[in-house]
Amino acid sequence: MPSPPPPLLSLHHVSVCYGAVQALSDVDLAIRPGEIKALLGENGAGKSTLMNAMYGLVEIDRGQLVWEGDPLHISGPRDARRIGIGMVHQEFTLIDALSVAENLGLVVTDDRGGGEGWLIDYAGVRRAAKTRASQLGLDIGDLDARVGGLPVGVRQRIEILKAMLTDVRLLILDEPTAVLTPDEIEQLFSVLRSLRDRGVAVVLITHKLREAIGLADSVTILRTGHVVAERQPAQTSEDELAQLMVGRVVTNPPTRRPADTSYAAPALLATGLCTPSAAGCAGLDNLDLNMPAGRIYGIAGVDGNGQQQLFDVLSGMREPLHGEIRLDGKLLEEHTPNAFSAAGVSVVAPERRRDGAVLDMQLWENAILDVDLLRRHSHGWTVDRSAAEEFTRGLIDTYGIVCSGTAATAASLSGGNLQKLIVGRALARRPRLLVAFNPTRGLDVGATGEVYKALGEATTSGSAVLLISTDLEEVLSLSDDLSVLFHGRLSPPSSPPYDRARIGQMMGGAAPDSPRVRG
Amino acid sequence: MKSRAITSVLAAAAGLLAGALVILLTGGDPIAAYTALAYGAMGSGYGWSEVAVKSCPLIVTGLAVALAFRAGLWNIGAEGQLVGGAVLAVFFATRTPHLPSIIGVPATLLAAATGGALIAGIAAILKLERGVDEVISTIMLNFIVLGVVGYLVHGPLMESSGNYPQSDALPTFARLPRLFSGYRVHVGLAGALALVPATAFVLYRTRFGYVIRATGSNPIATKIAGFAVDRCILATFVASGALAGLAGGMEVASVTYRMYDNFSPGYGYTAIAVAILGRLDPWGVLAAALMFGVLEAGSASMQRVAGVSAVLVSLIQACVIFALAAFEYQRASDRGGP
Amino acid sequence: MNLEITTALATAAVAMAVPLLYAALGELLAEKAGIINIGLEGFLLLGAFSAFAIAHASGSNSAAVLATLLLGGLWGLCFAYFVVTRGANQIVVGTALNLFAVGLTGILYRAQFGVTGSALSIRPTPPLEIPVLANLPIVGRALFSQTLLGYGCMILVPVIAFVLMRTRTGLELRMTGEDPRAAAIQGVDVRRIRISALVVCGILCAAGGSFLAIDYTHTFVEGMSSGRGFIALAIVIVGRRHPYGVLGAALFFGFATALQFHFQALAFDVPFQFFLILPYVATLVVLAFNAGNTNAPAALGK
Chain A
10 MPSPPPPLLS
20 LHHVSVCYGA
30 VQALSDVDLA
40 IRPGEIKALL
50 GENGAGKSTL
60 MNAMYGLVEI
70 DRGQLVWEGD
80 PLHISGPRDA
90 RRIGIGMVHQ
100 EFTLIDALSV
110 AENLGLVVTD
120 DRGGGEGWLI
130 DYAGVRRAAK
140 TRASQLGLDI
150 GDLDARVGGL
160 PVGVRQRIEI
170 LKAMLTDVRL
180 LILDEPTAVL
190 TPDEIEQLFS
200 VLRSLRDRGV
210 AVVLITHKLR
220 EAIGLADSVT
230 ILRTGHVVAE
240 RQPAQTSEDE
250 LAQLMVGRVV
260 TNPPTRRPAD
270 TSYAAPALLA
280 TGLCTPSAAG
290 CAGLDNLDLN
300 MPAGRIYGIA
310 GVDGNGQQQL
320 FDVLSGMREP
330 LHGEIRLDGK
340 LLEEHTPNAF
350 SAAGVSVVAP
360 ERRRDGAVLD
370 MQLWENAILD
380 VDLLRRHSHG
390 WTVDRSAAEE
400 FTRGLIDTYG
410 IVCSGTAATA
420 ASLSGGNLQK
430 LIVGRALARR
440 PRLLVAFNPT
450 RGLDVGATGE
460 VYKALGEATT
470 SGSAVLLIST
480 DLEEVLSLSD
490 DLSVLFHGRL
500 SPPSSPPYDR
510 ARIGQMMGGA
520 APDSPRVRG
Chain B
63 MKSRAITSVL
73 AAAAGLLAGA
83 LVILLTGGDP
93 IAAYTALAYG
103 AMGSGYGWSE
113 VAVKSCPLIV
123 TGLAVALAFR
133 AGLWNIGAEG
143 QLVGGAVLAV
153 FFATRTPHLP
163 SIIGVPATLL
173 AAATGGALIA
183 GIAAILKLER
193 GVDEVISTIM
203 LNFIVLGVVG
213 YLVHGPLMES
223 SGNYPQSDAL
233 PTFARLPRLF
243 SGYRVHVGLA
253 GALALVPATA
263 FVLYRTRFGY
273 VIRATGSNPI
283 ATKIAGFAVD
293 RCILATFVAS
303 GALAGLAGGM
313 EVASVTYRMY
323 DNFSPGYGYT
333 AIAVAILGRL
343 DPWGVLAAAL
353 MFGVLEAGSA
363 SMQRVAGVSA
373 VLVSLIQACV
383 IFALAAFEYQ
393 RASDRGGP
Chain C
54 MNLEITTALA
64 TAAVAMAVPL
74 LYAALGELLA
84 EKAGIINIGL
94 EGFLLLGAFS
104 AFAIAHASGS
114 NSAAVLATLL
124 LGGLWGLCFA
134 YFVVTRGANQ
144 IVVGTALNLF
154 AVGLTGILYR
164 AQFGVTGSAL
174 SIRPTPPLEI
184 PVLANLPIVG
194 RALFSQTLLG
204 YGCMILVPVI
214 AFVLMRTRTG
224 LELRMTGEDP
234 RAAAIQGVDV
244 RRIRISALVV
254 CGILCAAGGS
264 FLAIDYTHTF
274 VEGMSSGRGF
284 IALAIVIVGR
294 RHPYGVLGAA
304 LFFGFATALQ
314 FHFQALAFDV
324 PFQFFLILPY
334 VATLVVLAFN
344 AGNTNAPAAL
354 GK
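Protein sequences appear in the order of chains A, B and C. FYI, our numbering numbers position 315 of the first sequence as 324, with every residue one higher than the one before it. FYI, our numbering numbers position 37 of the second sequence as 99, with every residue one higher than the one before it. FYI, our numbering numbers position 273 of the third sequence as 326, with every residue one higher than the one before it.
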């Protein structure tokens with residue numbers, strides 16, 4: 010068997026710490042040209058840090074990078090690009106208020122003529138962009154359009170184009186498929202394969218086992234900052250990769266209670282919801298939703314099909330252009346979180362640090378961050394601190410929240426523990442409707458399991474739980490009823506056992522052909 | 063909390079040091095200047111009384127600003143709210159037939175608070191209905207109020223004798239009585255001092271205060287949690303304006319007795335420095351206001367005895383803020399204040 | 054209105070507009086970088102004083118202007134230190150700056166010149182006339198018979214427009230104000246851009262202050278910036294944060310301020326305070342009717 014080509018980029022004993030946290034320890038890694046390597050790991054494994062170290066966004070504390078045999082010092086992204094390393098970030102780095110051409114302007118000017126030019130030749134930028142885009146088979150549309158108004162898929166493609174404007178020898182992609190439809194994912198994969206065939210080294214950061222096996226030539230598994238294994242896809246399985254990723258046998262999510270098939274009065278009846286589409290996300294398009302109490306209703310779909318709008322409308326944060334929402338038959342007239350909360354709606358927002366907690370305040374104050382809970386723990390006008398602290402202790406015990414006490418600031422909690430507090434709080438007021446949007450995003454397996462358990466328990470006390478999630482596995486394993494959200498519309502609900510292939514197609518836009526039979 | 067107090071004290075010291083440096087630079091004697099200042103403010107009963115007089119508006123306006131900032135509301139308009147309150151108080155008192163003091167004084171102060179609240183209310187409505195940033199709107203309102211006052215004291219509100227561009231004197235039933243004869247310190251001081259623990263109680267122990275603090279720290283999360291954030295902001299803005307107006311009313315009812323151009327020597331802006339130095343905490347505000355009150359009270363003496371211009375006090379106040387900014391590294395994304 | 058009064062009005066309007074325009078352009082650049090500077094008032098005052106003091110001491114107006122521009126860059130740098138390097142709150146530091154300027158200029162003025170009843174004056178700079186154009190009716194004297202500082206701000210407007218839209222620095226500046234995180238990932242040195250923008254803001258305000266002291270009033274009076282720094286804030290907003298919009302707004306407000314002194318030219322009797330508060334009211338009106346559409350950079354103030 011011919012020996013593999015020498016590595017393009019290798020890392021030797023690389024360690025990175027952020028203050029007291031050891032993000033990477035003693036990492037050895039070799040990336041070869043003409044190879045697609047998947048970097049697999051769950052959240053907190055160190056994938057982002059590793060990727061940032063390769064791109065010059067983070068300083069290495071110990072160890073060395075070697076590029077084609079020579080030691081490498083990258084001081085920043087510009088350096089990295091000059092050497093031939095390109096990166097496509099998970100969070101887009103496009104600037105909404107500027108046009109596509111302006112977003113590409115800096116990169117194009119950098120990459121030609123030494124990057125010292127002070128004038129930007131926009132005509133040249135447009136030419137270069139169009140040429141490269143057609144070379145790579147990327148359709149990016151009008152170059153003078155304001156980026157903020159473009160759909161997500163187009164922005165993804167512009168990001169990729171931006172990364173590949175020059176001859177890139179190493180391309181890093183960070184969770185690129187989060188916002189793509191299955192078709193777009195296949196398109197992306199074929200682009201990556203053709204790059205690989207041309208000798209480019211591709212590094213794919215992911216936590217999706219299927220992608221790692223389906224696309225990569227080699228898989229490196231990271232866990233808590235260490236490299237724990239290397240595998241060839243042909244010689245491993247999803248189960249083994251999952252085990253390596255989490256370090257223990259993966260327990261299945263708790264088995265679903267048998268679905269209640271008797272007719273249940275709808276807890277939530279939403280009809281004809283419409284919102285305008287904005288900034289690359291589809292708006293709601295005459296959306297109907299009929300949810301019974303005591304069940305988990307899952308909404309699957311690729312991010313950008315209206316999930317945020319649906320969440321915003323059902324939480325009261327946004328008033329729909331048209332449409333009605335009835336909770337237990339009563340029409341919700343005022344569309345504010347205040348009114349919805351009073352009607353019995355509780356939410357778990359997707360960005361916990363930004364939307365779910367007041368980080369400066371203490372835990373007991375965060376535990377009662379809810380109109381109803383605050384009132385329950387007050388004497389008239391004053392807040393009853395001891396009652397609130399007792400309540401908080403209850404949450405801490407029930408959900409196993411790791412913290413230094415009720416007076417600890419919310420900022421001191423890790424993501425998982427903070428999320429447990431938030432979910433516990435949402436359930437503590439026994440809402441009629443709980444709307445949870447990506448409730449386990451960024452959580453490790455342990456915390457995820459706790460949240461799943463809590464959601465299940467909510468239904469037993471009669472709450473209707475709406476689970477909006479861009480994680481298909483999560484929706485498939487938790488839901489009693491499932492719909493797919495595509496371009497602002499919901500498919501008619503299905504019941505388990507779910508046809509994965511069918512659901513995947515609906516996520517990509519295939520219309521459901523025959524009416525499903527509930528059963 | 064403790065380390066914040068220490069930083070504030072250090073910042074105050076740094077401000078005084080900066081002032082000393084400038085005195086030196088202009089050929090003066092800093093020791094002599096500060097001694098004169100200290101004696102002027104604290105060396106006699108009259109001095110202490112003046113400290114009280116100067117601190118009083120700073121305490122109340124400082125509380126007004128701190129309360130607003132605490133809710134994430136950048137009320138730079140305390141100056142206009144203060145003057146607006148004073149104007150309404152004068153309007154009310156000079157146009158009302160005689161009332162017994164027991165009613166006259168509170169009524170006048172109420173008019174003042176209302177004046178301030180109305181002006182703040184304009185900015186509040188602009189913010190809530192039209193999304194107008196309150197920094198700009200309150201600054202604009204400051205100047206609008208000043209312009210209107212200028213017009214009023216040259217016209218409709220001008221004194222009956224028509225000699226000077228000032229209003230009639232406030233009738234005695236509306237005036238805040240002095241505490242001791244011969245000294246200017248007045249009953250309002252007791253009111254100002256009482257407002258401090260009252261504000262602290264509201265901020266830290268009540269539900270309203272809880273919502274204020276949560277809104278100031280993270281308005282989105284607080285809104286999603288179901289709280290009526292808009293109502294809280296409106297209420298806080300109006301309360302802040304009312305306090306500032308009250309301060310204006312107290313000032314006109316106890317010290318100046320008349321309304322005229324340049325009624326306020328910038329209390330509303332100094333109050334911002336007071337609120338920051340006091341770390342937006344009511345007791346901190348009290349300490350900061352007293353310190354600035356000492357500076358203001360002693361500045362006349364400093365000018366007279368040591369020949370150092372009283373305007374040095376503004377410089378010291380500014381340097382205190384700069385020192386605080388230099389000592390504290392705040393997250394660049396934290397526009398919400400300390 | 055006869056020709057003489059109109060010409061006088063036009064000349065006064067432009068003269069009033071110049072310092073406003075300088076300060077507003079400086080603020081425009083700062084805001085494009087994401088920073089709101091409410092200390093413009095202080096910058097203008099410091100500029101006016103230093104220009105006056107140096108001109109009085111040296112007898113040379115040009116030396117005074119040059120030195121003041123340098124100083125302007127310096128206090129722009131100081132503001133940048135607190136706001137960018139230390140991450141302090143922009144509103145608070147801006148307020149402190151205004152207090153500082155009042156204090157410092159007051160002290161230095163009285164120390165140097167004593168508390169005088171009459172204002173000291175300096176020799177005015179003769180205007181540079183552009184042949185032919187200076188003889189145009191009404192606008193000739195206003196636009197084409199100006200000092201260098203006056204011409205400077207007129208030239209600056211198209212220059213700044215060009216820099217913002219066509220150069221790399223301009224693009225980096227706008228990126229910084231819209232999304233500093235994304236800009237940084239692209240390799241833009243966000244700190245350097247912000248500091249540079251503030252230094253330029255300082256220089257421009259210094260130019261405005263110099264014009265105020267040397268070319269317009271030929272003297273210094275304590276507190277002579279009298280709210281211009283805040284009007285400049287208003288101009289940036291009313292001008293929709295675009296160089297030509299700012300120019301228009303500055304001229305408009307300069308005109309309104311000039312009307313104050315020429316109000317006898319009007320047929321109706323309006324208290325002069327009306328013109329005094331016109332810019333502020335206009336700003337509120339513009340803001341009220343442009344809800345959410347002010348063209349403000351997304352990361353302004355953050």
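Some hints here could point you the wrong way.
[Claimed, not checked] Across the chosen pairs, the derived CB separations fall in these ranges:
| # | chain 1 | residue 1 | chain 2 | residue 2 | range |
| --- | --- | --- | --- | --- | --- |
| 1 | C | Arg234 | B | Ile68 | 45 to 51 Å |
| 2 | C | Ser174 | B | Phe263 | 53 to 59 Å |
| 3 | C | Val185 | B | Phe389 | 55 to 61 Å |
| 4 | A | Ala154 | C | Val338 | 53 to 59 Å |
| 5 | C | Thr220 | A | Glu328 | 53 to 59 Å |
| 6 | C | Ile183 | A | Glu68 | 52 to 58 Å |
| 7 | A | Tyr27 | C | Ser111 | 53 to 59 Å |
| 8 | B | Phe263 | A | Glu328 | 35 to 41 Å |
| 9 | A | Gly158 | B | Tyr266 | 44 to 50 Å |
| 10 | B | Ala362 | C | Ser111 | 32 to 38 Å |
| 11 | A | Glu68 | C | Pro179 | 54 to 60 Å |
[Claimed, not checked] Stretch-level coverage of chain A by chain C, calculated; a stretch enters the list once three of its residues show a Cβ under 8 Å from a Cβ in chain C:
| # | stretch |
| --- | --- |
| 12 | 79-89 |
| 13 | 399-409 |
If you are wondering where the hints come from, they were derived from the structure by calculation, not from laboratory data. For each residue, glycine too, the CB sits at the ideal point set by N, CA and C.
Here is what the structure says about each hint:
1. Arg234(C) x Ile68(B): 45 to 51 Å: violated (34 Å)
2. Ser174(C) x Phe263(B): 53 to 59 Å: This hint holds: roughly 57 Å between Cβ atoms.
3. Val185(C) x Phe389(B): 55 to 61 Å: With Cβ atoms ~60 Å apart, the hint holds.
4. Ala154(A) x Val338(C): 53 to 59 Å: violated (32 Å)
5. Thr220(C) x Glu328(A): 53 to 59 Å: violated (43 Å)
6. Ile183(C) x Glu68(A): 52 to 58 Å: With a Cβ separation near 56 Å, isoleucine 183(C) and glutamate 68(A) satisfy 52 to 58 Å, so the hint holds.
7. Tyr27(A) x Ser111(C): 53 to 59 Å: holds (55 Å)
8. Phe263(B) x Glu328(A): 35 to 41 Å: holds (37 Å)
9. Gly158(A) x Tyr266(B): 44 to 50 Å: At roughly 46 Å between Cβ atoms, tyrosine 266(B) and glycine 158(A) fall inside 44 to 50 Å, so the hint holds.
10. Ala362(B) x Ser111(C): 32 to 38 Å: 35 Å Cβ-Cβ, so the 32 to 38 Å window holds.
11. Glu68(A) x Pro179(C): 54 to 60 Å: holds (58 Å)
12. 79-89: It holds, with 3 qualifying residues against the three required.
13. 399-409: Not satisfied, violated; 0 residues make the cut.
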